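Sequences listed follow chains A and B, in order.
Counted from 1, the first sequence has number 439 at position 439 by full-length UniProt numbering; the numbering is strictly sequential.
Counted from 1, the second sequence has number 111 at position 111 by full-length UniProt numbering; the numbering is strictly sequential.
There's no promise every hint is true.
Note that identical chains are pooled: a pair holds if it fits in a single copy or bridges any two copies.
When the alpha-carbon atoms are kept at most 20 Å apart in a straight line, the in silico EDC-like pairs for lysine to aspartate or glutamate are as follows [as the list claims (entries may be wrong)]:
no., residue 1, residue 2
1, Lys329, Asp385
2, Lys57, Glu433
3, Lys329, Glu292
4, Lys263, Glu115
5, Lys329, Glu120
Simulated from the structure, these hints should not be mistaken for lab results.
These numbers come from a predicted model, not from an experiment.
2 protein chains.
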Amino acid sequence: MAWDIPFAELRSLLGERFLTTQAARAEHSRDESHFTPVLPDAVAWPESTAEVSAIVKICAAHGCPVVPWGVGSSLEGHVLAVKGGVTLNMNRMNRVLAVHAEDMDVVVQPGCTREALNTELRATGLFFPIDPGANASLGGMAATRASGTTAVRYGTMKDNILALEVVLSDGRVIRTGSRAKKSSTGYDLTRLFIGSEGTLGIITELTLKLHGQPEAVSSAVVDFPDIGSAISAVITTIQAAIPMARIEFVDETAIRAFNAYEKTTYPERPHLFLEFHGSPSGVAEQAELAGEIMTAMGGSDFRHAATTEARNQLWKMRHNALFAAKSTKPGCIVLTTDVCVPISRLAEAVLETRADIDASPLTGPMVGHVGDGNFHCCLLLDPDDPRDKEAALDLAHRMAERALRLGGTVSGEHGVGMGKKKYLEEEHGAAWEVMGLIKQALDPQNLMNPGKLVKEG
Amino acid sequence: MAWDIPFAELRSLLGERFLTTQAARAEHSRDESHFTPVLPDAVAWPESTAEVSAIVKICAAHGCPVVPWGVGSSLEGHVLAVKGGVTLNMNRMNRVLAVHAEDMDVVVQPGCTREALNTELRATGLFFPIDPGANASLGGMAATRASGTTAVRYGTMKDNILALEVVLSDGRVIRTGSRAKKSSTGYDLTRLFIGSEGTLGIITELTLKLHGQPEAVSSAVVDFPDIGSAISAVITTIQAAIPMARIEFVDETAIRAFNAYEKTTYPERPHLFLEFHGSPSGVAEQAELAGEIMTAMGGSDFRHAATTEARNQLWKMRHNALFAAKSTKPGCIVLTTDVCVPISRLAEAVLETRADIDASPLTGPMVGHVGDGNFHCCLLLDPDDPRDKEAALDLAHRMAERALRLGGTVSGEHGVGMGKKKYLEEEHGAAWEVMGLIKQALDPQNLMNPGKLVKEG
């Protein structure tokens, strides 16, 4: 270590909310990725922006790295303290600070999860739509520029954050915007911190845009004879500008896993899971138009989820794809990866990836937020067989290279973390160097989640 | 001058596309703002990214400022070469490079105007919605994070740009994204350059999102007994989540100017100008819901613009507000300014501003993109009477301070330029210093549109 951990100062600041126990460190040594766990040197639980600022100041004085932590649901090793240092578990900063129903915005602390927020909002008629599947912390979702099933309609985190409060690497606290809907006064620091994965500062407060709970919601599933026709149906639906709230691709392998895990009896064919939001007549009109397109592309009749319970069941099942996949191969671990391509290249990207997995020794269900051109595969591997891991990494590598070849990006929503850093030079060219210049300007000591996202000096 | 203009090198690069004539310099000495013209030392007309890069490299070697220029429609002195140097007129880089109808995106050069783009797109069924009124260049619109009448539905420039190509201060060329709809791979440089007003680099190519031309469009006007009830109607409409395509406030003074300039006979009362986009039934439903709200708030019946011609006439009139205002006071000049506040504070902001103007010696119609909480006033002043200018600047100052007091921003869409720079410390606090750090990192010589947006070292 080139630095010393300021144990005494942090303990005196935080008392029992600063731990160096093996248990606390182990609990913060991994996320949902396949990376080997790495123990931070200590874990701190701040309760206020002032405490985060004080911790960062102390750490900065000692050259000690600081790694923010939400719920640990990241998928590319974002929260692993690969250079040691102090992990800041933000889950005591989990309050909803202000609901401005009349302005359709809300101010939250970063440890608040998306489900907790929506529970708190229930009576207001408003909701926060971004849904990455996991019940992630909103700070973590901002830090990774998360999106998920509803992004096709409501956008990603970058479209749904009005302003942030951030503690910089020297402990200074800044606010990056106001509650006004738009502004042309200066560099867009809000968007700069969204997706910065803790490398430029620690998000301590978020002002989020809310949306009206739709008057009517309707969900349906439809199956197709093959992947190509399912994807063609998606492309045509999006091009027809039907304002889909969700349009999710679920391949045959994933359907088999769902049927086994959830005891459902879906036909073992590629599916689309759909949702429509709007007025009752608007929803009916959207569903009719989408239905006509799906039928023309060889899809089955819509099977509607008639009740709220059936609808919740459908999306719960979709969100449990990872667990369903895992259950098909007892003892396995999962390497999950995502890419995003222009929608005109989606069929190629999905078909080539499916063929590539089929030609490998591995099983890998594919699911995707296909309205955005974004899809995932969950590769199941035996943790004790190094050949499996190698095969999985090879597949993920070819998937990333394929996305770049097709004019896309190596991650639509999971982020860079440790797993995708090796592609950033290829994806961004000289723009990656510019990211490095910004990192250097804002964190000259390289203490904010070091080892992630940017090239190291 | 601390630098020398590399006349010979630039002339040898550009031939007759590099001019130092008084006429060329005078033509590029002003925008639509009230600022005293400032002559650049020379004007260059590049025709390619490679030429922009070469120009910037030559200028950088001589420490010579570079100021990008679109059509000169900026409103806060953005394009004035206040430190001298070379102005880059981008209007020879005005091509539409590629239309990807299947992906609903388009690649354009920065000198292409929004109207030229939409003319080119007419046959595709797609359009680019952002409409700041002026037929601005798309590069300029990106640089100022422009928005306008349709932002309430389609967002601002920040929501409608997928990627940029930018020439940095050392002549390096970067690309800030791909054609994928979303990405989580690294800092959002696209959004960093949007709104950077030429201070971080020169935009040489834009990849824009397109939208489907709405199947049905319907416009209407409605008048109200007073400003308060008009604004209340806006707030309620937005809170009811009616997806308004346009909802424009036009005050009594502006209506009087329209009636005089356009020979119309609108009742001399505050108005809302509305537009609905969607399917025929969707548009009818939206109009009905909005109508009910407006009536409940004291509005008149909708007077629909029945034909495409009538609709175009309505929006042309709205866009000509500046000229209509000018015509009411022969020989006057106009100081136009905008602010944006959370919509719950909009009534206060507008009413206080109206009262403030009424108590001044000046006339000033007010119009606004009120669905976003954004409004403008056009203050008419006698250029030969310094008291008028002083009164106008005082009013604009109080409007800015009022916006900040109400939790808003000193500009919703016009930008910083020279006019609003003095408010950035108050609006952004320490975040303004962070903007300065980024400027310093990307443009260490301070050659890219110097004197604008950031604090000077």
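How the hints compare with the structure:
1. Lys329 x Asp385: The answer is within: 14 Å in one copy meets 20 Å, while 83 Å across copies does not.
2. Lys57 x Glu433: For Lys57 and Glu433, the Cα distance is within 20 Å only across copies (18 Å; inside one copy 27 Å).
3. Lys329 x Glu292: So Lys329 and Glu292 fail the 20 Å test inside a copy (38 Å) and across (58 Å) alike.
4. Lys263 x Glu115: neither (26 Å within a copy, 56 Å between copies)
5. Lys329 x Glu120: neither (38 Å within a copy, 54 Å between copies)
In terms of the numbered hints stated before, the structure departs from hints 3, 4 and 5, listed from lowest to highest.
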